[in-house]
Amino acid sequence: MMIASKHILGTFEESLASLRNNVLMMSSLAERSLEQAMKGLFDRDDDLCANTIADDEEIDQLEMQVDKDGVAILLRFQPVASDLRRVVSAMKLSTNLERIGDMATTIARRARKLNCHPPLSEVELMKPMYEQAMSMFKDGVDSFVREDADLARAVVLRDEKLDDLNRTVSDKLVERMVKDRGQLRGYLNLVFIGRCLERVGDHATNIAEDAVYAAAAEDIRHQHQSLAPSV
Amino acid sequence: MSLQMEDLVMTPPDGTVMERVEQQVERPPAEEPAPASTFQVKNLSVWYGEKRAIENVTMDIVSNAVTAIIGPSGCGKSTFLRALNRMHELVPRTRLEGKVLLQGVDLYSSSIDPAIVRRRVGMIFQKSNPFPTMSIGENVVVGLRLNGVRDRIFLNERLEKSLRMAALWEEVKDDLDKPGTSLSGGQQQRLCIARALAVEPEVVLMDEPCSALDPIATAKIEELISELKSKYTIVTVTHNMQQAGRISDYTAFFYIGRLIEFGETTQIFSNPKERQTEDYITGRFG
Chain A
9 MMIASKHILG TFEESLASLR NNVLMMSSLA ERSLEQAMKG LFDRDDDLCA NTIADDEEID
69 QLEMQVDKDG VAILLRFQPV ASDLRRVVSA MKLSTNLERI GDMATTIARR ARKLNCHPPL
129 SEVELMKPMY EQAMSMFKDG VDSFVREDAD LARAVVLRDE KLDDLNRTVS DKLVERMVKD
189 RGQLRGYLNL VFIGRCLERV GDHATNIAED AVYAAAAEDI RHQHQSLAPS V
Chain B
17 MSLQMEDLVM TPPDGTVMER VEQQVERPPA EEPAPASTFQ VKNLSVWYGE KRAIENVTMD
77 IVSNAVTAII GPSGCGKSTF LRALNRMHEL VPRTRLEGKV LLQGVDLYSS SIDPAIVRRR
137 VGMIFQKSNP FPTMSIGENV VVGLRLNGVR DRIFLNERLE KSLRMAALWE EVKDDLDKPG
197 TSLSGGQQQR LCIARALAVE PEVVLMDEPC SALDPIATAK IEELISELKS KYTIVTVTHN
257 MQQAGRISDY TAFFYIGRLI EFGETTQIFS NPKERQTEDY ITGRFG
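Chains as they are written, first to last, in the working numbering: chain A, 9 to 239; chain B, 17 to 302.
If you are wondering where the hints come from, they were derived from the structure by calculation, not from laboratory data.
Any given hint might turn out to be false.
In silico DSS-like pairs for lysine-lysine, Cα to Cα no more than 27 Å straight-line [what the hints assert, rightly or not]:
hint: 1; chain 1: B; residue 1: Lys143; chain 2: A; residue 2: Lys100
hint: 2; chain 1: B; residue 1: Lys58; chain 2: B; residue 2: Lys189
hint: 3; chain 1: B; residue 1: Lys189; chain 2: B; residue 2: Lys236
hint: 4; chain 1: B; residue 1: Lys289; chain 2: B; residue 2: Lys247
hint: 5; chain 1: B; residue 1: Lys247; chain 2: A; residue 2: Lys14
hint: 6; chain 1: A; residue 1: Lys100; chain 2: A; residue 2: Lys180
Listing some non-contacts, in silico: residues in chain B with all C-beta distances to chain A over 10 Å [what the hints assert, rightly or not]:
hint: 7; residue: Arg68
hint: 8; residue: Thr74
hint: 9; residue: Asp76
hint: 10; residue: Lys115
hint: 11; residue: Arg136
hint: 12; residue: Phe141
hint: 13; residue: Asn145
hint: 14; residue: Val165
hint: 15; residue: Asp190
hint: 16; residue: Gly201
hint: 17; residue: Pro231
hint: 18; residue: Thr234
hint: 19; residue: Ile297
Chain B residues, not near chain A, derived (Cβ > 10 Å throughout) [as the list claims (entries may be wrong)]:
hint: 20; residue: Ser53
hint: 21; residue: Asp122
hint: 22; residue: Gly279
Think of the CB as a built atom: it goes at the ideal place given N, C-alpha and C, for glycine as much as any other residue.
So here's chain B without its partners, still in its complex pose (with noise of 0.2 Å):
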């Protein structure tokens, strides 16, 4: 049989090639949908005694992923991460109003137990603070022991792997007996960030937790904070701009306790759309 041109061509299962090209050049870009959120912050205005620490703020926290929070020393910020696990009713004279849903769920609803709301959401903070008197293995499953988890087999097992994930793991598994505070300052906040794995929380909340690292120590939390985001919603106060480009999705910039801006990081990094934000973002404030 001999070959014919017709066999040669290949023939568009629908109209031209160009047809088919110009439909998909003008088919308008699908709509991605919003991404889940794990909080929702409506109208938040938290007191401490008279003064006004945050003022009417309201944002959503997308899950799976790493929300920074900016701005100049006093604005807010902390304030803002200890509303959103309960941990500002620590200091006295303090009131609150607005609704933070973690999951829909209101933290400040009368029926909620802030002990289950700060297991739910962790928090690590500037300094690392390990309990002195206990083990780099005790440390990590305190956690776990207060709330009443007694079986070895399982508290050896989430301790490995809160520390993989954490990744201290290799770096301590031989000398788990030794006190947390013979580790280095990255090791030790490693290991209060598993700490607060260990216990399975859906949110971390980590307040400048690299500020009193060295670059090293520095760059392995940050590694850690973004495979951790997979697992985990990660909120986190920062002073350092570069850090927030690097290891944040999403950016919110505070200011005298209000919220002025809020978007992706790529976005509030290189076009914000407000002054304020410029200018403090690029050392104009003041």
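In isolation and in its complexed conformation, chain A is listed as follows (with noise of 0.2 Å):
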């Protein structure tokens, strides 16, 4: 990790600084939103779900602003280097929050559907994809945020478990839907969360992506099997 040094025009450190700091508000917007999401379907809250729905504007506005605010200071400083890296990622970061943020926001409307019918045991199993998808998400970020390029190919390293794990439960759920046609709507929106919470692994994982290449410069994408942290 390089800490860099004070650049010469300050206008430009005060630009990288705003920039970072609304993708970290984004980023701490859909971390909350996924949480409210998920704590909506666990305690069938629908006040959570609804308030999720609420917030996804909020991540959308960023959105615009850290792009606004990103072509800005390619036009204005035509930054290089790791300067250049900095914006770049920064940008794609905020497309990966966007999404995350949506779905989130999906997660809550399914969740206010199976609150409106008695309550199914399988939500239990979308805990373990929760911790495993947040727990992604959150190092992807702090990999971005501290340019830590070995968390962040460790983070790239962990959707295959998500993965995984998405498809025990789509198959449990579909065993289910079988043997307990009634509860068929139920398990499709459980399918539909589990989707939301592979997909929220996909983005942590392109996030972790985005850190290595403004850490380190590299290109990861696309050659997950050959990753190994580095030493």
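Relying on the hints, combine the two individually framed chains into one complex.
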């Protein structure tokens, strides 16, 4: 990890700091939305689900702000090397954070539908997936903030476990659908929620890949099988 | 004759499709041969009196490519450029150690005539410098005339060819008798490029060729540089990082007379290996 010394242009430092702050704000909001949506599912709390859906607007606005500020920085300062990578990565991060916000919203909508019917014990199947997705998300953002390429690489490797969990849970839910056709809609909603959590893992992976690019100037996309933490 | 199922199946020549795909995937990428070098600079040091302006620089300058020399003022980049055609010798009390090989020939060998070196290695300066008493046409062919060429047809052909290569012909073809100084700043700089090209050099050195030009004139010179590299090896000094990024294939970063980093421009500007390069190009110097 390299800590950059001070830039000659104070205005550049300020602009870059503002861009990063907005990205961090987006990640905090996306994390809160995901937490609220899942809590709304587990606790059958419609208010939390409604909050999640309402909060998405703020994440969307921030995404546009980050894009606007990023373009302005590219235009005004024409950054190069690590500065360029930081700006490009921040802009790419915001897209993934916005998508995670959308996933949280979708989960909240599905949870509200589930809450209209008697509880399903299979909701518990979502917990390990949620924990895995959330930890990947948090570590992905953390690796970007700390410019920690090793942590980011480790996040990428964890996506496979989440995919496996999703497959296992989906198989179980399909089995339940066959046996209990009366709850078909409920199980289907859970399948979609599982799918959303798996997508959160994918976006966390993208974030981690961008963090590696920002920190180490390496493009590790589409080569997960050959990834190993550098010593 | 009825069509059989076998007729519809394309049989791969060797093995299954997957085997062939795997063979392709597993094949290690062929190593690209090192690009040909016009200059080989070896352990070059240059002194102005007691002051060492260049310290032990070793680098190869790739043929038919643009190499940008960047670095803060006083880092030795102009001295390095001038050492490539012995122009620095025009400054009194200069001394040089090391070797500069042009196509394998040592430019500083005692048998080499500096005038011939400067014909093979042309130079464009920061400020355009057409000869004020000469017309546009005379400015272009003055180098040939000084070398004793008198054939009018040959001179006219070379005049047009050089002006075309400098992307100036269409703008001045009807005004060849007007003074060179009657042109705009950007046109004067292209006139100087045409003058350098008229003697058919192998290399064109440029010392901040656009620093006195407006953005349009700068864009024309940059475009011209990109076109010329198919015929010439170009080395340019620039303070403009964005320009170096736009026009060059290779970039060398100098600091206090030393070559800190040299590599492909995309690598230098996206992922420099040296902290000093990173600090300089991102504006964190000092």
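Structure-based check of all given hints:
| no. | hint | result |
| --- | --- | --- |
| 1 | B/Lys143 - A/Lys100 | violated, 43 Å |
| 2 | B/Lys58 - B/Lys189 | violated, 44 Å |
| 3 | B/Lys189 - B/Lys236 | holds, 18 Å |
| 4 | B/Lys289 - B/Lys247 | violated, 31 Å |
| 5 | B/Lys247 - A/Lys14 | violated, 42 Å |
| 6 | A/Lys100 - A/Lys180 | violated, 35 Å |
| 7 | Arg68 | holds, 27 Å |
| 8 | Thr74 | holds, 24 Å |
| 9 | Asp76 | holds, 24 Å |
| 10 | Lys115 | holds, 32 Å |
| 11 | Arg136 | holds, 34 Å |
| 12 | Phe141 | holds, 26 Å |
| 13 | Asn145 | holds, 30 Å |
| 14 | Val165 | holds, 45 Å |
| 15 | Asp190 | holds, 39 Å |
| 16 | Gly201 | holds, 24 Å |
| 17 | Pro231 | holds, 14 Å |
| 18 | Thr234 | holds, 15 Å |
| 19 | Ile297 | violated, 5 Å |
| 20 | Ser53 | holds, 26 Å |
| 21 | Asp122 | holds, 36 Å |
| 22 | Gly279 | holds, 12 Å |
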